[in-house]
Amino acid sequence: MTLDPKDRAIIEATQAGLPLVLQPYTVVAETLGIAESELLERLENLKKNGVIRRIGAAPNHYRLGMTANGMTVWDVDDSLVDDLGDKIGALPFVTHCYRRPRALPMWPYNLFAMVHGASRDEVHAKRDRVAELLGDACRASDILFSTRILKKTGMRLRGQKG
Amino acid sequence: MSQELSDLDRRLINRLQDDLPLTQRPFASIAEELSLTEQEVVDKVRQLRDDGLLTRFGPFFDAEALGGAFCLCAMSVPEERFEDVLTKVNAHAEVAHNYQRDHALNMWFVMATETRGDIIRTAREIEHDTGLEVLMFPKKREYFVGFRVNA
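Each protein sequence line maps, in turn, to chains A and B. For the first sequence, the working numbering assigns the number 1 to the initial residue and increments by one for each residue that follows. For the second sequence, the working numbering assigns the number 1001 to the initial residue and increments by one for each residue that follows.
Just so you know, these hints were derived from the structure itself, not from any lab. Please note that the accuracy of each hint is not assured.
Taking CB as the label site, the calculated pair distances span [said to hold, decoys possible]:
#, chain 1, residue 1, chain 2, residue 2, range
1, A, Gly65, B, Arg1116, 14 to 22 Å
2, A, Arg129, B, Met1136, 27 to 35 Å
3, A, Glu36, B, Ala1104, 49 to 57 Å
4, A, Thr31, B, Asp1019, 17 to 25 Å
Ideal Cβ placement from N, Cα and C applies to all residues, glycine included.
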């Protein structure tokens, strides 16, 4: 969808989060100088169009004990990968699930699923459940644990170019 | 899971991972379910955020729908050169996230740029700066994700 300047202003005003008050949209609408009804309508539209996925809170995995994460990667038959990808994404412990190109010969994997758990053992056990789901459609797989965060910046909408 | 959390905190964290209604009083339904006042819900959410149990409260945007381009990239960096290469890679503002992983491909980063052309240009610059190949794994398809953390 194309975002008009008002949509972009709404996104810029809310991407760091909503004010934690009883009526957060009243405050945002005042800041933007638009009616609250228009703000809510536009947010509803952004949601319908998939620009907003949901409105809520993001828990801190690490503080809630989910300290291990493994990027599981799979070489899955191209004719089956989309059906299976949907099933794997729906597992409650998978945070991201994508089909990506292979980089042969070094990298034969075309399905990436990020798996979270309280320990590496737990991540391995969950990975076994993904393997079961994939069955014979999977030819090879691997798991890459992160050992260090090297950089983490919030991805923000940048101001429009003049 | 963390021991210092009360039952109420847990229920609230779990509930806040659902989609909140787009209404003037978005906390009203949660307050009713948890037998709290709306102000108590707001105060607790603020507390959880200040304590670092929630990272953020608000809309979650599909980064690509906002415009711009993203690409997962990976490099195989010799151990003895790791810190030097890291400095060079992270010096690019286009590199948004970067993780070390236990694999021959040991550096995995996400680039976020205005255009697809910027992704390729930045990858070439990193290759030039480091003398190492940058493998690109652009997303071909994203599958629906139903992830939740059970507090």
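To see whether the hints hold, each was checked on the structure:
1. A/Gly65 with B/Arg1116: 14 to 22 Å: Once the Cβ atoms are compared, 38 Å apart, the range 14 to 22 Å for B/Arg1116 and A/Gly65 is violated.
2. A/Arg129 with B/Met1136: 27 to 35 Å: Given a distance of about 30 Å, which is inside 27 to 35 Å, the answer is holds.
3. A/Glu36 with B/Ala1104: 49 to 57 Å: holds, 54 Å
4. A/Thr31 with B/Asp1019: 17 to 25 Å: holds, 23 Å
Consistency with the previously given hints fails for number 1 only.
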